[in-house]
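There are 2 protein chains.
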Amino acid sequence: MKSVKYEYSEEDMFPNKSPALLKHNPVHKKVPVLIHNGKPIMESNVILEYIDETWKDNLILPRDPYERAMARFWAKFLDEKVIILILKLMHANSLESCTSIGAEREKAHEEARQLLSTLEGELKGKKFFGGETVGFVNLMVDFVEYWVRVIQEAVGANVLTEGEFPLLCKWAEEFQNCLVIKENLPPKDKFLAFFKVQAEMITSFYKEKA
Amino acid sequence: MKSVKYEYSEEDMFPNKSPALLKHNPVHKKVPVLIHNGKPIMESNVILEYIDETWKDNLILPRDPYERAMARFWAKFLDEKVIILILKLMHANSLESCTSIGAEREKAHEEARQLLSTLEGELKGKKFFGGETVGFVNLMVDFVEYWVRVIQEAVGANVLTEGEFPLLCKWAEEFQNCLVIKENLPPKDKFLAFFKVQAEMITSFYKEKA
Numbered sequence: 001m002k003s004v005k006y007e008y009s010e011e012d013m014f015p016n017k018s019p020a021l022l023k024h025n026p027v028h029k030k031v032p033v034l035i036h037n038g039k040p041i042m043e044s045n046v047i048l049e050y051i052d053e054t055w056k057d058n059l060i061l062p063r064d065p066y067e068r069a070m071a072r073f074w075a076k077f078l079d080e081k082v083i084i085l086i087l088k089l090m091h092a093n094s095l096e097s098c099t100s101i102g103a104e105r106e107k108a109h110e111e112a113r114q115l116l117s118t119l120e121g122e123l124k125g126k127k128f129f130g131g132e133t134v135g136f137v138n139l140m141v142d143f144v145e146y147w148v149r150v151i152q153e154a155v156g157a158n159v160l161t162e163g164e165f166p167l168l169c170k171w172a173e174e175f176q177n178c179l180v181i182k183e184n185l186p187p188k189d190k191f192l193a194f195f196k197v198q199a200e201m202i203t204s205f206y207k208e209k210a
Numbered sequence: 001m002k003s004v005k006y007e008y009s010e011e012d013m014f015p016n017k018s019p020a021l022l023k024h025n026p027v028h029k030k031v032p033v034l035i036h037n038g039k040p041i042m043e044s045n046v047i048l049e050y051i052d053e054t055w056k057d058n059l060i061l062p063r064d065p066y067e068r069a070m071a072r073f074w075a076k077f078l079d080e081k082v083i084i085l086i087l088k089l090m091h092a093n094s095l096e097s098c099t100s101i102g103a104e105r106e107k108a109h110e111e112a113r114q115l116l117s118t119l120e121g122e123l124k125g126k127k128f129f130g131g132e133t134v135g136f137v138n139l140m141v142d143f144v145e146y147w148v149r150v151i152q153e154a155v156g157a158n159v160l161t162e163g164e165f166p167l168l169c170k171w172a173e174e175f176q177n178c179l180v181i182k183e184n185l186p187p188k189d190k191f192l193a194f195f196k197v198q199a200e201m202i203t204s205f206y207k208e209k210a
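Chains as they are written, first to last, in UniProt numbering: chain F, 1 to 210; chain Y, 1 to 210.
Incorrect hints may have been included.
Since the list can't tell identical chains apart, any single copy or any two copies may satisfy a pair.
Straight-line distance between alpha carbons at most 27 Å, and here's what the computed DSS-like set of lysine-lysine pairs gives [stated by the list, open to error]:
no., residue 1, residue 2
1, 76, 2
2, 209, 88
3, 124, 39
4, 188, 39
5, 17, 81
6, 88, 188
7, 209, 76
8, 81, 107
9, 124, 5
10, 29, 107
11, 39, 81
12, 209, 17
13, 190, 126
14, 107, 17
15, 56, 17
16, 5, 209
17, 124, 170
18, 30, 124
19, 207, 5
20, 39, 127
21, 209, 107
22, 5, 81
23, 209, 124
24, 29, 76
25, 188, 56
26, 29, 124
Read the hints as simulated data drawn from the structure, not as lab findings.
Note that this is a predicted model, so its numbers are computed, not measured.
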């Protein structure tokens, strides 16, 4: 979006993290890390704010302080809620496939539905989250939507449907058709394979326990 | 810090949240909420950024983009780690006082020690977090330090000591002596009473289970 040249370096997170990752993000040992002028910046939202403050073309955050606050609020909401939800969905599905406990699955699906409803409500009358152009929340949300779909496929759940969440699904389509996004989405087959392995690991954990 | 007049309104969170809170923060139903020009802003870090962008005197965040990124990184670290740690400390203490399970307590204390060590390391050669003046991280950390102390007192744990964390303790003292902070800290006795009740509730939960 900023037309800035960068070098992308893939990190192999399992089983061993690279010395470069441990050096640049010793506190969390997580990706993503942006290195600029030799100095590391960590956490997706912090990286986006840094990019926006360093390269001023095509602003990611809105200019108005209140709209900026709303963008940060929604980005935080997604950042905090979604990974937990995905883990819950994966565990609930594994649990159900190994034991007769069905209530956990229903509970996780209901939680997912509530989170998606909140997002669906936020999209009423808007083309993208936070307005008419691709911005901060969209960049955070996109991966969410993409993750949820890929994981649904990997574990076999079916929560995010067009019937129930028409605005979210329409937005996801429009967003993914933006050229800059299209060119930079992670490859779906690799993503899917990764989560299939994760789901299998969780399932064998519950099988042993059962 | 901004010399802006404001009206402070206390929220009674238990047992019933006020209609004003539910109206202004329907997503999380949490405090704090800042209302400016009739519009609500939620989440501590989002509120601080909004205040800094709206009133430009005495900047809370540093001017340099990299220093801003570091301030946001540490603020997020604290925001995400500390409440969970406090809850763990409270549960571990209650669990130990009701049953013979001592390992949980030792584990929670060790986790607390690690988190405090990370903060202690960050303070080497600095008067405040992120530099020489009270800023973003300090405003987020202060409540952390204050919370941990008050909760230690309420549950009887002893993790944050001067012997082990001299820099953190010295910083806490200097910070709390700043006039603007001194005048705005929540009353310690009220805070302490609140957490004593919480600790008692957790203890009676474990007693019933034991």
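Hints versus structure:
no. : hint       : result
1   : 76 to 2    : both (23 Å within a copy, 25 Å between copies)
2   : 209 to 88  : both (18 Å within a copy, 25 Å between copies)
3   : 124 to 39  : between (40 Å within a copy, 19 Å between copies)
4   : 188 to 39  : neither (31 Å within a copy, 40 Å between copies)
5   : 17 to 81   : both (25 Å within a copy, 22 Å between copies)
6   : 88 to 188  : within (21 Å within a copy, 38 Å between copies)
7   : 209 to 76  : neither (35 Å within a copy, 36 Å between copies)
8   : 81 to 107  : both (15 Å within a copy, 26 Å between copies)
9   : 124 to 5   : neither (36 Å within a copy, 35 Å between copies)
10  : 29 to 107  : between (32 Å within a copy, 21 Å between copies)
11  : 39 to 81   : between (29 Å within a copy, 24 Å between copies)
12  : 209 to 17  : neither (29 Å within a copy, 41 Å between copies)
13  : 190 to 126 : neither (32 Å within a copy, 44 Å between copies)
14  : 107 to 17  : between (34 Å within a copy, 25 Å between copies)
15  : 56 to 17   : neither (33 Å within a copy, 42 Å between copies)
16  : 5 to 209   : neither (50 Å within a copy, 59 Å between copies)
17  : 124 to 170 : within (12 Å within a copy, 51 Å between copies)
18  : 30 to 124  : between (34 Å within a copy, 24 Å between copies)
19  : 207 to 5   : neither (48 Å within a copy, 61 Å between copies)
20  : 39 to 127  : between (36 Å within a copy, 22 Å between copies)
21  : 209 to 107 : both (21 Å within a copy, 24 Å between copies)
22  : 5 to 81    : neither (32 Å within a copy, 34 Å between copies)
23  : 209 to 124 : neither (45 Å within a copy, 46 Å between copies)
24  : 29 to 76   : both (20 Å within a copy, 15 Å between copies)
25  : 188 to 56  : neither (31 Å within a copy, 45 Å between copies)
26  : 29 to 124  : between (38 Å within a copy, 21 Å between copies)
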